[in-house]
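Protein chains: 2
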Amino acid sequence: MRTVSVELGDRSYAIKIAPGLLKQLGQECARLKLGRRCAIITDSIVGKKYARPAFESLVLAGFEPLLIIIPAGEKSKRVSVVEKCFDRLAAHRLERKSFIVALGGGVVGDLAGFVAATYLRGIPFVQVPTTLLAQVDSSVGGKTGVNLQAGKNLVGAFYQPQLVLCDLDALKTLPNREYVSGLAEVIKYGVIYDAILFAQLERQLPKLLQREAATLAAVIARCCEIKANIVGQDETESDLRAILNFGHTIGHAIENSSGYGKFLHGEAIAIGQVAAAKLSQTILGLPSADAERIEQLFVAAGLPVRIKLNGKRREKLFAAMRLDKKVSGGEIKFVLAEKIGKVRFGCKVQSHHFSGMTDVLVTTRRPA
Amino acid sequence: MRTVSVELGDRSYAIKIAPGLLKQLGQECARLKLGRRCAIITDSIVGKKYARPAFESLVLAGFEPLLIIIPAGEKSKRVSVVEKCFDRLAAHRLERKSFIVALGGGVVGDLAGFVAATYLRGIPFVQVPTTLLAQVDSSVGGKTGVNLQAGKNLVGAFYQPQLVLCDLDALKTLPNREYVSGLAEVIKYGVIYDAILFAQLERQLPKLLQREAATLAAVIARCCEIKANIVGQDETESDLRAILNFGHTIGHAIENSSGYGKFLHGEAIAIGQVAAAKLSQTILGLPSADAERIEQLFVAAGLPVRIKLNGKRREKLFAAMRLDKKVSGGEIKFVLAEKIGKVRFGCKVQSHHFSGMTDVLVTTRRPA
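Line by line, the protein sequences are chains A and B.
When the letters of the first sequence are read in order and numbered with our numbering, they come out as residues 2 to 369.
When the letters of the second sequence are read in order and numbered with our numbering, they come out as residues 2 to 369.
Incorrect hints may have been included.
Copies of the same chain look alike in the list, so a pair counts if it fits in one copy or across any two.
Said to hold, decoys possible - Capping the alpha-carbon separation at 30 Å, the derived lysine-lysine pairs in DSSO-like fashion look like this:
{"no.": "1", "residue 1": "Lys17", "residue 2": "Lys50"}
{"no.": "2", "residue 1": "Lys50", "residue 2": "Lys317"}
{"no.": "3", "residue 1": "Lys98", "residue 2": "Lys343"}
{"no.": "4", "residue 1": "Lys34", "residue 2": "Lys309"}
{"no.": "5", "residue 1": "Lys309", "residue 2": "Lys85"}
Hints are computed from structural coordinates only; laboratory data are not their basis.
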């Protein structure tokens with residue numbers, strides 16, 4: 002088993018990475034010395050596979066779990082679903098020492114984390130991410146939240162889990178599109194922080210696409226290490242943590258303006274990162290060879306790197322970008338790359354620079 | 002002007018107490034170096050009197066305020082109202098440096114504080130409490146939240162304001178019942194922490210009931226000082242802060258089981274404190290003379306000290322108590338008094354002890 006620690010003083014916690022961890026959920030939770038009552042929050046798809054072993058493992062360890070199943074998909078990540086969870090927790094009489102297990106992908110983790118952050122002004126929670134995306138990104142670092150009509154993740158809290166269990170077995174049965182989507186965040190860590198990881202990904206991509214266990218374990222652990230390192234330096238995104246948003250300003254706007262669900266998060270940020278690389282060439286002088294390698298790695302992974310937009314959808318996309326949380330004083334600030342492995346945050350981008358992205362955000366005259 | 006500081010490291014802030022502060026809202030906010038956009042959250046009653054001066058003061062200081070008016074009353078303190086506020090903030094494009102002004106009593110402060118704590122994972126907020134209760138209690142200390150069907154304040158966050166402005170002029174026009182309700186929290190500070198304050202309240206009660214400005218200013222400042230002191234030692238209620246809940250376990254259960262709105266918060270906790278004093282006599286040996294003085298001060302202030310319950314309502318009340326946030330491992334823990342000015346938290350109370358409260362929770366055979 003690999004263990005990565007996230008160092009945040011009295012909010013520090015461990016990320017454990019290994020096959021078969023789900024079966025050990027009960028024992029692992031028992032070590033945390035929490036209350037007996039708890040709740041598993043999962044979704045209708047993940048629940049079918051994993052709710053039972055999770056539930057049984059908790060019961061065997063002496064806990065009294067409640068099972069809450071939300072409909073699968075980004076649409077569940079909203080305030081009214083949070084409220085329904087609150088009502089269930091109250092009916093099951095969860096107390097301050099009770100805890101929540103988030104069992105699923107990013108949607109479940111973000112929602113369940115927010116429920117844990119705000120029920121009784123905060124009760125403990127444990128992340129059991131079952132997708133690649135959640136294992137390398139959303140389950141680490143304490144960002145929790147839900148969407149509003151107006152945009153993604155506009156509501157939430159910084160709230161750290163007590164433990165993260167990445168069960169590598171869960172990745173085996175992941176649908177291909179979802180697995181590949183997770184690779185977009187993996188590649189991001191190479192671009193923003195670690196040129197050696199990036200080169201390793203270029204070499205080992207075939208093994209990764211085959212989900213080769215040893216390669217996967219090492220890569221996930223390295224991604225978690227990078228994220229833990231960044232979050233340990235800047236928990237609430239005052240500055241450095243912003244680099245994790247590379248490709249996300251455009252990515253979120255793509256997700257939002259296309260209607261949630263059309264693009265998976267990883268697909269949207271693949272396009273977003275390639276667009277950000279183009280901006281980086283113009284503004285920070287990112288070498289064109291680096292921009293080319295970035296684009297090629299996404300293509301080789303099977304991720305989209307272009308989006309076609311008619312005038313109206315283009316307008317919608319830019320409107321969504323202006324509503325991004327990272328907007329300050331009306332200005333959109335970008336994370337841009339100097340070279341592979343090194344990015345800068347807070348880069349001002351003028352409207353005329355966006356013309357540099359036209360081969361990524363391709364204008365068409367087709368109706369949307 | 003009196004200033005009390007709440008010392009919480011990088012979350013420290015000042016409570017300012019003086020007449021005429023509302024007119025200085027804009028200038029005071031300008032000193033905090035926040036963004037230009039902001040929102041005032043107030044209710045339909047307070048809004049009629051104070052929304053305009055607050056709004057104008059902000060505009061004069063160069064801010065762009067949005068005004069959000071929620072229906073007056075405890076019923077507004079719920080998740081769906083929070084969600085409506087989020088949507089308004091997003092439509093007005095509030096950013097991370099934008100801020101929220103909570104203008105009103107406890108309901109507005111708790112709700113607006115929770116909105117501020119969770120919108121964009123937390124934006125700054127300023128409390129402008131307009132009731133006595135809010136000035137001495139709810140606006141200080143960072144407890145924010147809303148109610149569920151199942152109970153009061155079951156959802157929320159610990160989130161500190163940037164500044165609290167207690168305008169003494171706002172108390173002049175407060176309806177008598179509401180003003181007197183606030184005195185219940187004032188008296189609580191004497192019971193839990195300060196025998197000298199308690200004796201002062203006994204002596205100066207007539208002046209307080211006349212809302213004599215100098216007396217009021219001194220008493221409010223002392224209450225805020227006590228609360229700031231307690232919160233400074235234990236921000237998130239791990240231990241000491243629990244003493245602020247003296248009378249609240251029973252008080253909340255009274256509010257909840259009677260339907261919100263029948264009893265004002267202060268009225269419910271007046272009964273709760275007298276009941277807790279009776280329990281304290283049995284369990285901690287609180288001298289009967291002290292219990293008598295406590296009851297007499299509430300009576301002299303014009304607050305209720307008894308509640309009549311038929312069997313069914315009594316049952317409802319005890320069910321509500323078991324759902325209290327302070328329940329741990331299924332046990333209800335009470336704050337009880339050793340003497341006036343000194344309480345102990347985490348006191349276990351057995352069911353048979355409740356018989357000591359029968360002259361406060363009076364059983365009747367009337368239908369509820």
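Here's how the hints hold up against the structure:
Taking the shortest Cα distances, Lys17 and Lys50 sit within 30 Å of each other inside one copy (21 Å), while across copies they are farther apart (57 Å). Within a single copy, Lys50 and Lys317 get their C-alpha atoms no closer than 38 Å, and across copies no closer than 40 Å, so neither meets the 30 Å cut-off. Taking the shortest Cα distances, Lys98 and Lys343 sit within 30 Å of each other only across copies (27 Å), while inside one copy they are farther apart (42 Å). Taking identical chains as interchangeable, the C-alpha atoms of Lys34 and Lys309 are never at most 30 Å apart, the minima being 52 Å within one chain and 42 Å between chains.
Taking the closest pair of Cα atoms, Lys309 and Lys85 never come within 30 Å of each other, the shortest separation being 38 Å inside a single copy and 34 Å across copies.
In this structure, the hints that do not hold are numbers 2, 4, 5, in rising order.
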